[in-house]
Each structure stands twice: as structure tokens, then as C-alpha cells.
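Visitor: Line order of the protein sequences matches chains A and B.
Each residue of the first sequence is one higher than the last, beginning at 1 in my numbering.
Each residue of the second sequence is one higher than the last, beginning at 279 in my numbering.
Heads up, a few of these hints could be off.
To be verified - Computed cross-link-like contacts, DSBU-like style, restricted to lysine-lysine with a CA-CA straight-line distance of at most 30 Å:
1) A/Lys18 <-> B/Lys329
2) B/Lys329 <-> B/Lys529
3) A/Lys44 <-> B/Lys392
4) B/Lys490 <-> A/Lys270
5) B/Lys490 <-> B/Lys392
6) A/Lys18 <-> B/Lys490
7) A/Lys18 <-> A/Lys270
For the record, the hints were derived by calculation from the structure and aren't laboratory data.
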Amino acid sequence: MPFYMQSSPEIYDSSDRKLILLDEVRELVRYRDLLFQLISRNLKTRYKRSVLGIVWTMVHPLMMMIVLTLAFSHVWRIELPNFSVYVLSGLLLWNFFSQTTNSAMSELLWGGRLLHRIYIPKGVFAVTALGTGLVNLCLSLPALFIIMLANGLTPRAPIIFVPVAILLVSMFTLGCGLLLSTLVVFFADTYEMFQIVLLSWFYLQPIMYPIWIIPESYRWLFAFNPMSYFLTIFRTPIYDGLWPPAQDVAIAAALAVSVLTLGWWVFTRKADQFAYYV
Amino acid sequence: MRDAMIKGLENAEERRETGENRQPQPAAAVIRLEDVAVRYRVAHEQIRTLKEYAIRALKRRVTYNEFYALDGVSLEVYAGEVFGVVGRNGAGKSTLLRLIAQVMRPTRGRVWRKGRVAPLLELGAGFHDELTGRENIFLNGALIGYTRAEILRLFDEIVEFAELGNFIDTPLRNLSSGMTARLGFAVATAAHPDILIVDEVLSVGDERFKQKCTSRIESFRRNGATILLVSHSADLVKSICNRAVWLERGKVRAIDRAAEVVQMYEQQG
Ligand SMILES: Nc1ncnc2c1ncn2[C@@H]1O[C@H](COP(=O)(O)OP(=O)(O)O)[C@@H](O)[C@H]1O
Ligand SMILES: [Mg+2]
């Protein structure tokens with residue numbers, strides 16, 4: 001008997017949509033090799049082209065850090081010890097968020113041509129974006145580590161919270177990526193609109209300035225920015241060497257779970273229609 | 279091309295006439311469509327931006343044209359059949375195949391299918407010009423759902439069928455279109471699917487490629503695979519299909535033995 005007759009036949013039933021949220025997860029597990037391939041393709045096209053590619057991942061945030069540090073400490077004369085560590089940790093987290101959400105959209109648009117032609121679990125594209133973003137983030141952590149040491153900051157025990165912070169921000173980012181890539185299928189200008197949102201969002205949060213330069217009467221506004229909780233729980237262990245405040249961790253976790261659930265729910269509901277549109 | 283295909287499958291036809299033509303025990307259905315409809319909603323004025331949508335929605339002026347690409351289609355395809363789909367351009371043939379390949383879900387009704395599908399809807403969908411043949415085999419294989427282990431096992435066979443030889447590590451953009459087409463076909467069919475879906479793909483490539491593909495399709499059929507075939511060519515459908523459906527503007531005009539359906543289609547279509 002030929003090998004292909006031995007495998008149990010796959011059954012597809014379009015009316016069987018009871019576990020739609022879980023089905024998509026199961027399909028992603030089945031297509032894990034595709035995920036690895038797409039992620040490594042992204043990394044390869046980024047790092048293969050130039051030998052400097054991998055260096056660039058670290059150099060880019062470092063250059064931004066240097067410019068911002070000079071600007072803030074010398075031009076605006078903001079006094080914050082180890083300012084470069086403060087800026088760089090915020091930048092890395094922000095770059096992760098903005099790059100991943102953007103590439104979730106562009107991956108889906110790239111895949112759009114395929115979605116007319118072959119069956120692919122559509123969540124592949126957002127998860128690919130997340131995987132690529134995570135690898136890039138991890139590749140730039142050594143640079144952060146070096147800057148810490150250069151500033152005389154040695155990592156303390158709370159540093160072990162960083163992976164938890166990355167996990168939570170990943171869930172939040174994936175949720176946002178799923179929502180945005182659903183929108184971009186139906187409305188082509190989502191991508192451009194989101195760039196404007198990102199740009200103003202970037203300046204409206206304490207990434208390159210400390211929160212205390214904002215007048216007390218406006219500071220409550222920052223509580224509405226979901227990103228500020230992720231910044232806090234990621235940065236506190238690195239910059240302050242302290243455990244992040246329990247309240248911020250709780251809010252960040254609640255945000256991560258709810259945004260991911262919402263994103264996954266909207267995405268799986270709407271994904272059936274993608275082939276009609278993309 | 280048609281001639282090549284007919285020639286390639288003539289033997290099959292003979293076999294069916296002589297030995298296998300007696301009605302087999304009621305064969306098991308491997309594809310079943312129940313009252314299936316696919317509705318495209320085309321907005322009266324194309325709304326493709328958030329801005330426009332927000333404005334229109336506020337003014338409550340989002341209206342759609344509803345258009346049924348398929349409507350009330352019910353049919354069954356049995357294990358081991360070669361099933362043809364005929365109809366004019368825009369009749370809904372490709373839409374029907376997309377439903378079965380799970381590329382899209384029906385707006386209404388139910389699509390049921392059993393077995394692993396190789397959708398030859400568009401060969402080489404997902405190929406990257408900058409990647410080499412080898413890299414494309416892995417990427418494309420993963421796109422159509424093979425695991426890495428499967429691709430590794432099938433790799434040599436794919437390369438052999440595609441006749442890539444020394445070009446395996448050459449970027450795709452430097453290969454001839456014939457090579458690319460062969461590679462697409464080789465990857466899509468490498469895992470010996472239970473159901474093969476062929477949507478006019480054999481109209482590309484050179485004569486030898488077509489012959490090669492035809493004989494591979496034929497060998498799948500001998501091994502018990504079910505084949506769905508869309509073709510412009512009524513002769514081709516008549517000569518290699520057991521049964522066929524005639525679609526007209528999304529509705530079923532006839533389902534019967536291929537020869538009879540094609541005859542009706544030629545006389546009335
Ligand atoms: N994404 C889409 N949006 C709107 N109409 C579509 C879309 N795709 C196909 N159609 C229409 O559906 C009908 C059936 O298309 P198709 O199944 O490709 O026909 P065939 O393959 O028989 O030529 C055609 O009239 C086509 O214009
Ligand atoms: Mg067609």
C-alpha cells in the first residue's frame with residue numbers, strides 16, 4: 001500500500017463552525033512549518049542582502065538613542081540619570097509594536113494574492129509578523145545590555161521579569177495586528193491612517209521623555225494609553241532594577257488577554273470573507 | 279494541447295469501456311455540495327477607504343449590488359471519478375472549485391469533502407522570483423500544507439519531475455517559464471493527493487510539459503484519486519470524464535454522464 005493511502009483522510013465540512021476560534025489555532029499548529037519558513041524568509045531577506053543587516057538591527061535604535069539622548073540632555077536639558085538606557089528600552093519596545101502591527105498588515109496584503117488561489121489558515125500572516133518582530137527584538141537586546149553596562153547599570157534579579165513583559169506585549173501586539181489586518185482587507189487606507197496614528201502615538205507617551213516633564217494636571221491622560229503599561233513593566237526591571245508595580249502588571253495582563261481575544265475573535269469571524277475581497 | 283491530453287488518457291478510456299464500465303457498488307461520495315450559494319456584494323460605488331466608509335455610513339448610504347456567482351448548487355462527486363465542469367466564461371466554474379479547495383466558504387449551504395486536495399488552481403502561486411528553486415520548493419510546499427519532513431521525503435521526486443537538475447540553486451527569475459510551470463505542478467502533486475482539482479492549468483507550458491502532466495494525472499486516477507477538471511474544451515471533458523456538470527450563470531443546468539452533458543452544452547449552450 002502506498003504511503004499516501006495510509007494517512008487518515010482529512011475531512012472538511014464548511015458547516016462545522018462551532019469551534020471557530022480554536023480551529024484556527026489548530027490549523028496554525030498544523031502549518032507550523034509554513035510559519036517557520038515565512039519568518040526565516042523575512043529574516044533572510046533582511047539579513048542576507050547586506051552583511052550589515054544584522055548589525056543594522058542594533059545600530060538603528062542605537063543611533064536614534066544617541067540623537068534623542070543628545071537632544072534631550074543637551075538641548076532641552078532634561079536631567080535623568082542613564083538617560084540612554086531609558087530611551088533605548090522604550091524605543092526597542094515601541095519598534096517591536098509598530099513594526100509587528102505594520103508587517104501584520106503588509107503580510108496579509110502580500111498573502112492576499114494567495115488567498116484567492118490556495119487554502120492557507122489566514123492567521124499565519126499575523127503570527128509570522130509577530131515571530132519576525134520577536135526575533136528582531138531579541139537580536140537587539142544585547143545592544144541594550146551593553147548600553148546598560150556602559151552606564152554602570154548591572155542587571156538585578158527583577159531582570160527575569162523581562163520575558164514576562166515581552167510575552168504580555170506580544171499578546172497585545174498580536175491582538176492589534178489581527179484587528180488592523182482585518183480592517184486593511186476591507187479598507188485600503190487603513191495602512192496610511194495607522195501611520196499617522198503611530199506617529200502621534202509615539203510622541204504622546206513617555207518613551208523619549210520622562211513622565212514628570214508633563215504637568216501634573218495632564219498626567220492622568222496617560223493612563224488611557226494602553227502602551228504606557230507595557231512600557232512600565234518592560235522598563236522598570238531594566239532601568240530601575242526593580243520589580244514592576246503589581247497594579248501595572250495586572251492592567252497590562254488584562255489588556256493583553258482582552259485585546260488578543262478581541263482581535264482573534266474579530267479576525268476569525270471575518271477571515272472567511274477575505275477571499276471575497278483581497 | 280487537447281490532443282495530447284486526449285491521447286494520454288485514451289488508454290484510460292478504453293479500460294473504462296471494457297473492464298470497469300459495469301456500475302461499481304454505490305461509490306462513496308468524496309465531495310458533497312448541498313444547496314450552495316456564493317454571493318458577491320459589490321458596493322454600488324466602490325468604497326475602498328475608511329474615510330469614505332465613515333462618511334457614507336453616517337449618511338446611511340452604503341448600498342450593495344448582490345450578485346450570485348453560484349446559486350442553489352447541489353452535487354456529489356464519487357471516489358475515483360473524473361468529474362468535469364463545463365460552462366461559459368463567468369458561469370462560476372472557478373468559484374465552484376475554490377469552494378471545494380476550501381479557498382472560500384459558501385455564503386449559504388454546505389460544502390463537504392473527504393481527502394487531501396491538491397488544488398491546481400494556479401500553478402506556482404506563492405513562488406518568489408528571488409528565491410532559488412530549492413527554497414521555492416520548501417516555501418511552496420509549506421504553503422500548500424506539507425510538513426518539512428514530507429517535503430524532504432518528496433524533494434528528489436519533485437526535482438526530477440521538474441527537470442531542474444543543476445538549476446536547483448538558481449534564483450527562479452533566471453529559469454524559463456516552462457521550468458517554473460513544471461516546478462509548480464511537481465510541488466502541487468508531489469504528495470499524491472486524494473482529490474486533484476484542475477482549473478485550466480494545462481493551457482500553459484509546452485507540449486512536453488502537458489504530456490507529462492497528463493500522464494501524471496492519469497497515474498493518480500489509476501491509483502484511485504478523484505479528479506475535478508474544468509476545461510473550455512468540450513472534447514477533452516467528453517473524452518476523459520465519467521460525469522460532468524454544466525453550469526450556467528451560477529446554476530446547474532445538467533449533471534449526468536459526461537458525453538450527454540457535453541452534448542447538451544454544445545447544442546443549447
Ligand atoms: N471577487 C469577486 N468579486 C465580485 N465578483 C466576482 C469575484 N470573483 C468572481 N466574480 C464573478 O463571479 C462570476 C463567476 O466567476 P468564475 O467562477 O471565475 O467563473 P468561470 O471560472 O466559470 O469563468 C463571474 O461573473 C465573475 O465576474
Ligand atoms: Mg475560471
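Visitor: Failing hints, ascending?
Guide: 1, 2, 3, 4 and 6
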